[in-house]
Structure formats: C-alpha cells, structure tokens
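Position chain H relative to chain W; hints supplied.
Keeping their order, the protein sequence lines are chains W and H. To convert, take the position in the first sequence, counting from 1, and add 275; that gives this note's numbering. To convert, take the position in the second sequence, counting from 1, and add 14; that gives this note's numbering.
Any given hint might turn out to be false.
Unchecked claim - Derived contacts from chain H toward chain W, CB cut-off under 10 Å, selection only: (1) R82; (2) V209; (3) P213; (4) R308; (5) T362.
What the hints assert, rightly or not - The following label-pair restraints were derived from C-beta to C-beta distances: (6) L289/W x A194/H: 50 to 60 Å; (7) G190/H x W288/W: 53 to 63 Å; (8) A563/W x A42/H: 17 to 27 Å; (9) E63/H x D594/W: 24 to 34 Å; (10) G112/H x A572/W: 35 to 45 Å; (11) D368/H x G291/W: 45 to 55 Å.
Unchecked claim - Chain H residues, not near chain W, derived (Cβ > 10 Å throughout): (12) D53; (13) A122; (14) A334.
Treat the hints as calculated values from the structure; they're not laboratory data. From the three backbone atoms N, C-alpha and C, an ideal C-beta is built for every residue, glycine too.
This is what each chain is made of:
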Amino acid sequence: MTPAEFREAFRSWLAGVDLDASPVQSGSVAVLLAHQRRLQRLLYDADLMRWGWPESVGGLGGSPVLRAVLGEELTSRGLVHTTTWTMLEVLGPAVIAYGRPGVVTEIFPRLLRGDETWCQGFSEPEAGSDLGSLRTTARRAGDGDSWVINGEKLWTSFAHGASRCVVLARTGPAGSGSRGISAFLVDMDTPGISARPLQTMADVDEFCATSFTDVVVPADRLLGDVDGGWRVAGHILGCERGAIFWQRGAWLGHHLAALLPLATDARSQALVGDAFQLLWTFRARSMATQRQIAAGAVPGAETSVDKIMIAAAEQAVFDTARELLAGAIETGDTPEAAAWRREWFYSRAATIYGGTSEIQKDIVSLRLLGLPRGGR
Amino acid sequence: MGTAPEPQAGRGGKRGQRMDAAGSEMDAEGLALLTATLDQLARAHDGAELTKALDDFGFPEVLATSPREAASSLFTAMGQAGTTSAAFQDVLIGNASGRLLGPDAGEAQSIVLPPVGAATAGRVDAGSITLRGLILGQRTNVGPLLVPADSADGVVWVRLPADLPAERLAIRSVAGLDPALMMAEVTATGPADVVLGGPAADQAWRAVVAAGRRALAYQIVGAVTAMLDLAVTHARDRVQFGQPIGAFQAVRHRLADAYVAREGAAAALDICWEADDEELAAMLAKSLAGRAARIAATQCQQVLAGIGFTAEHPFHRYLARALVLDQLLGSATDLPAQIGARLAAAGTLPRLADL
Numbered sequence: 276m277t278p279a280e281f282r283e284a285f286r287s288w289l290a291g292v293d294l295d296a297s298p299v300q301s302g303s304v305a306v307l308l309a310h311q312r313r314l315q316r317l318l319y320d321a322d323l324m325r326w327g328w329p330e331s332v333g334g335l336g337g338s339p340v341l342r343a344v345l346g347e348e349l350t351s352r353g354l355v356h357t358t359t360w361t362m363l364e365v366l367g368p369a370v371i372a373y374g375r376p377g378v379v380t381e382i383f384p385r386l387l388r389g390d391e392t393w394c395q396g397f398s399e400p401e402a403g404s405d406l407g408s409l410r411t412t413a414r415r416a417g418d419g420d421s422w423v424i425n426g427e428k429l430w431t432s433f434a435h436g437a438s439r440c441v442v443l444a445r446t447g448p449a450g451s452g453s454r455g456i457s458a459f460l461v462d463m464d465t466p467g468i469s470a471r472p473l474q475t476m477a478d479v480d481e482f483c484a485t486s487f488t489d490v491v492v493p494a495d496r497l498l499g500d501v502d503g504g505w506r507v508a509g510h511i512l513g514c515e516r517g518a519i520f521w522q523r524g525a526w527l528g529h530h531l532a533a534l535l536p537l538a539t540d541a542r543s544q545a546l547v548g549d550a551f552q553l554l555w556t557f558r559a560r561s562m563a564t565q566r567q568i569a570a571g572a573v574p575g576a577e578t579s580v581d582k583i584m585i586a587a588a589e590q591a592v593f594d595t596a597r598e599l600l601a602g603a604i605e606t607g608d609t610p611e612a613a614a615w616r617r618e619w620f621y622s623r624a625a626t627i628y629g630g631t632s633e634i635q636k637d638i639v640s641l642r643l644l645g646l647p648r649g650g651r
Numbered sequence: 015m016g017t018a019p020e021p022q023a024g025r026g027g028k029r030g031q032r033m034d035a036a037g038s039e040m041d042a043e044g045l046a047l048l049t050a051t052l053d054q055l056a057r058a059h060d061g062a063e064l065t066k067a068l069d070d071f072g073f074p075e076v077l078a079t080s081p082r083e084a085a086s087s088l089f090t091a092m093g094q095a096g097t098t099s100a101a102f103q104d105v106l107i108g109n110a111s112g113r114l115l116g117p118d119a120g121e122a123q124s125i126v127l128p129p130v131g132a133a134t135a136g137r138v139d140a141g142s143i144t145l146r147g148l149i150l151g152q153r154t155n156v157g158p159l160l161v162p163a164d165s166a167d168g169v170v171w172v173r174l175p176a177d178l179p180a181e182r183l184a185i186r187s188v189a190g191l192d193p194a195l196m197m198a199e200v201t202a203t204g205p206a207d208v209v210l211g212g213p214a215a216d217q218a219w220r221a222v223v224a225a226g227r228r229a230l231a232y233q234i235v236g237a238v239t240a241m242l243d244l245a246v247t248h249a250r251d252r253v254q255f256g257q258p259i260g261a262f263q264a265v266r267h268r269l270a271d272a273y274v275a276r277e278g279a280a281a282a283l284d285i286c287w288e289a290d291d292e293e294l295a296a297m298l299a300k301s302l303a304g305r306a307a308r309i310a311a312t313q314c315q316q317v318l319a320g321i322g323f324t325a326e327h328p329f330h331r332y333l334a335r336a337l338v339l340d341q342l343l344g345s346a347t348d349l350p351a352q353i354g355a356r357l358a359a360a361g362t363l364p365r366l367a368d369l
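Bound-form chain W, shown alone:
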C-alpha cells in the first residue's frame, strides 16, 4: 500500500460515507471523544484505521507514513479535532515498542477500533519541563508480581475519558533523577485513581489533575525495563514529531483556508501571507522528517526545530484569525466564534506544551550548534 493508493482509498471511502463532523466544533471533551471513537470505528471497519500499524497488534502493516496521510486527510477537512486524534499517535508506538507482547496484542486492537481512549501521565505539579524531578512513586508489592503507584499528575489530557494511562513513576531512590524512572500502562478503572478536569483559559476541559493513591498495577504492565522509563518517555516525545505534527499542520491549514474569503484588503492579505509562510516552512521541514521516519530513522534533536516552527505557525494562524474575524473572538457569541476563541486560546500553549520553546532552543543550541552548557 503506497501513500498515494492509501489516500485514494480514503477518498473513495469518504465519498460514500455520511459523516457528521459538527461535533468537532464542540468544546466538550465528552462530545469530542465520542465523535473520535465513532469515527475510528468507521475507519477501522473500512480497514483504513489499521494501515501503518504492525500486524502483530492488529494492524495491516505498511509504512507509518500511511498514518500521517490518514491524519492529514482527516484534519485538513476538519473531520476530527487535532488534539483527540493526537493521543493515539502519542502513546501507541511506545506501547508497541515497550509493552509486554501478551498485553499489547490484547488491548491494542481496542485502541485502534475506538473502543478505548488512552492518556499520558507525565507532568506533575513540581515536574514540568524538569521531568526528571518527578515525585510519583512506584514500589514493588506482593511477591514482586505487582507495583503500587502513589502521586499526583497534572495536565493529563483526556484522563477523565480514558481507559488507560501511561504513567511515569519513580522506581529508584529519591534524587535518582531521570535514571530512576519507570513507565507503566495503568488501567484507569483501578481503585485509587481519580481524574479531575482543570478549568483552563481556553474553555476546554481537556486537561486533568490526576491522583494515584495506592494504585496496584500488575508487573506485566511495566513498559520497558525497571528504571528504563526515560527511554520510553523519549520515544513518546519523539513520536509526537512524526504523524502528529503532520496532521496538526493540516489542521492549521484547514483553519487558515477558512479565513481566505475575509482576506480582501492588502493588510489582511499580508497577515494571511505571513501566517501561510510560517505554516509552509514548518510543513516543508516536517515533510523531510516524515520521509526520514518512513526510511526507518528515529529522528532526534533535530526535531526540536520542527517543534519551534509548528508553535510559531500555530500562533500566527490564530493571531491572523483574531485580526480577520474582526471582533468575533472578543465579542462574538455564536458557536463558530466560541470555537475560534477556544482555538486561539489553545494556540497560546503551543510554545509551552510538549517541551517549551525555551527547552527546544536549548536543545538546538547545545546539540545542533554545539554551544557550551553553562550557568545563566
């Protein structure tokens, strides 16, 4: 299956399906997730959801680029919200790479089919960019056949709608930094877990404060090695720069295209042109990254450049929207205005989530430019 064939298959499927994409405009996570699951099931039944994933976990094989194509086809038409589509790609590849085969083969098809949503428990109140300082602990219990997790996670997207969570917890002694961390795949219905949505300025109830109190996790839910969680986390963050960035760029294009009818004067056109060139430069860069991934490479520090670029493009696109919509974001009360408002506010976080732009610039300057590490 080539990307071109796959795109063709998707488009002919789309032509014959009656799809209501209006839930994508909703600010309710419950509505967004229900839409995502329904769509995934349709795609799964049409086999489109399975291409690009290994056959061993219920996929149909083929290049991971096929998943980037699927994401692009969906988000460029606004058929799915970019953030709900993202979660599958964030966690799926790492769970396949580091999960115990028996566990993965059982649950992965459920993820693909839309039966389940997963979430990612990384950040904590005292561990944001400095993830190595996390305090959540996992202690061996029983005869070593289980772990007990205790701690608080923050910014856990979709935790209140999720069936499972990839949790990073300290298995080494306090002060062991990034070397004493392990990753676990935890069932969210385990006793001791509670997820409370946070109110954000974006008026989206996506993020949660998630607490773990004496949560018992079977040993076969360890991902990778004991104290090997840093590698799993690195893998997950690396995956973000692949198919996820590609579909997010398409999502931004979908929004910028919607503004074109409003670009009727030179000032508006200059704003659109500038936002588009930032989106274009990101997409051109990301295309090279997608091709590396297709060729089997695991991109490293150089994708910090992609991250800086997509954040700049995202903010430029929605700043342009704020200008061209002429007051809709500030004074509009229609559902459309509310949706633009949410996206504009969400875009403020583009330089924060997934590693701030400052962290990315550190990576660029230290690892790509070879500048010295230092104090201030």
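Structure of chain H alone, referenced to chain W:
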C-alpha cells in the same frame, strides 16, 4: 492556483539541449562530484574570474541538465563564501523561452530585473519604451539586453542592443551597499523592439522570476549560514565573566533563532522542486530566505557585538550581501502580501506536496 508555466526552453534551448530521461538522471556519484566542484570554484574565485571558471566548466549546460543540483550547489556556495558571478544570468536565461532568446541565443545576453519595489523593469507605450532596471550578474562583455516591460497588453519582452547611443541607453555600474555584487542600473528610452508578447511573454517572465527567486534564496541562505558560523564560533571562543558567552542562555537562544530560520528557508527551497505550484513555492522560498537573513543579521550581529561591528571582521560583508539580495525580485517585507493576495484569489491553500 495559477497555472504553472509549461516547461521552458532553457531546459532545452540552444545553450543546453534537453537530455533524454536517462541523460538527465545524473547518478549519485556524478551529482556529488558536481556539487563538490561548484562549491570549490565558488570558494576559490570571485566576480569575473569565477564567471570565467564557470563558463570553462560548462555551468550553463550543467544547469540545463541538472537545474536543481547546479543552482542549489553554486548559489549556496557563493552565498557562504561571499563570492558572486554572472551565473545568475545563466539561471534567468536558462529559464526564458527559446523564442525569447531568438537570434541572439549563445551571445552574452542579460535579463534586466525590475528596480527595487517594482514589478517589471519598463513600460512600453505606442511602440516606445521607458526603462529603469537592474542587472545582477553583469558580464564584462555586455551583450543585448532583454527587458520585461508592462504594456497595455500585459508583459512584453523588449530587446535592446548594447551598442545603442548614450542618449538612448545608459548602463551604470552600481556600487551601493555591496560594490562587489556585479550590479548595473540600466535606463533607456526610445523605440521598442518587442521580441515576445502575449501569453508566451507572460509565461516566460513568470518562469524567469521563479528561477531567479530560487537562485537568490539559495545565495541568501548561504550568507545566513556564513553569518551563523561566524557567530557560533565567536560564542564558543569569546570568554566573559569566566565562561564562553555561548554558555549564556540569552546568547544561545539568539543563535537558535537564527538556525531555525535558516533551516526553514532551506526546507522551503528543497520543496520548490516538487511543489505543485512552482511560482508560489519560489515566492515562499525567497520570502523565507529574506526573513531568515533579517533574523540572522539581528541575532548574529548582537552575538558578535563589538568585533562584528568592525570593518576588519567579515560579518558586515555577508550582511550587506543579504540586505541587497533580499530586495531583488520581492523582499521579505513585500512578498507575504503578494503571497496572501495570490491565496485569497485562489480561495484555497495548496497542500505543499504529497507525502
């Protein structure tokens, strides 16, 4: 989107016959050798000397058979080395229609660019031309000039023999900000010998502009690389307050900004060669290159601080070159509005290229 120009004669005009499919596919080893040779020439020579070395090497022919590799290698290398040549004219001529080059094909023709901020170089009314334009990459042996001009019927091409009397044609060598750049200002008036009009003239002009923008963008990106290299080296070597200044995050992040802008412009250039809309892709690459030059100029100048402000330090030469090249065929200030207007007229955004 506007229709992409049909393949132009330059990829098959008199200066380099179009190769058959097999012939145009240079193997990887051949390409590596080509790239290395052009890089070496661009570093070893400058100006008329480099022009001669490139002519001896057969650059126009190489450009015809491997346009991407030839243009990207040479112009990036010239940008980085701070050198220049008349090869820019080879790129313009190579992308002009064979009908335009006509009887003079093979002579040292020059295509006249619009002055800074203008869309075309001249105006033709009632058979008479008024011209004020710029030549970049002027050869010492001046041949006939080809001038894109506005007219009541759109763009037309006018041929001006170089030996017209002084009251009709003046060619002034431009010093300006960057005297080494081989630029000339051309002014002319009088009867216009229109050699190409109609849709073909417009098409030829669009192809020439796209090719020119790509070449300029490569040269600018090369200059940005040079600025960045100078600043990174300085940030590693210069010690203040007991540590290399590059260890200060405020300094490091400035250089990261310049690096990211450079990478973005380079990626936009890469995509030019497979984008559905060649013209738009070239506008974007030129705009992003100019943008990268402005970011790098600001950030690298600040990091280079006092030494970078002296005449003995090479920084200012790259700065001057980038500033001048940014202004030709649309600057980073002008192009975003033109890009936006084009997108608004089309009503859709192009999808870059398919994965």
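- May I ask you to test the interface hint for V209/H with respect to chain W, counting a Cβ-Cβ separation under 10 Å as satisfied? violated (34 Å)
- Task: Starting from the hint 53 to 63 Å, judge whether the C-beta atoms of G190/H and W288/W obey it.
- Result: holds (59 Å)
- Query: Would you say the C-beta atoms of A563/W and A42/H sit inside 17 to 27 Å of each other?
  - Reply: Given a distance of about 18 Å, which is inside 17 to 27 Å, the answer is holds.
- Message: Using Cβ atoms and 10 Å as the threshold, tell me whether A122/H really stays out of contact range of chain W.
- Response: The assertion about A122/H holds, with a minimum of 36 Å to chain W.
- Query: Taking 10 Å as the cut and beta carbons as the points, is A334/H off the interface with chain W?
  - Reply: A334/H clear of chain W: closest Cβ-Cβ about 24 Å, beyond 10 Å.
- Message: Is the interface hint satisfied for T362/H? The criterion is a beta-carbon contact with chain W at less than 10 Å.
- Response: holds (6 Å)
- Item | Proposed interface contact between P213/H and chain W, which counts if any beta carbon pair is under 10 Å | Violated, about 26 Å.
- CB of L289/W to CB of A194/H, is that within 50 to 60 Å? Holds - the Cβ-Cβ distance for L289/W and A194/H, about 57 Å, lies within 50 to 60 Å.
- Query: Does R308/H meet its interface restraint, that is, does its C-beta lie within less than 10 Å of any C-beta in chain W?
  - Reply: Not OK, violated: R308/H not within 10 Å of chain W, min 13 Å.
- Item | Interface hint compliance - R82/H to chain W, C-beta minimum distance less than 10 Å | Violated. Min distance 15 Å.
- Task: Check the non-interface label on D53/H: least C-beta distance to chain W beyond 10 Å or not.
- Result: Consistent with the label, D53/H stays out of reach of chain W, its closest Cβ about 21 Å off (over 10 Å).
- Item | Distance restraint evaluation - D368/H, G291/W, Cβ atoms, bounds 45 to 55 Å | violated (22 Å)
Consistency note: the structure conflicts with the earlier hints numbered 1, 2, 3, 4, 9 and 11.
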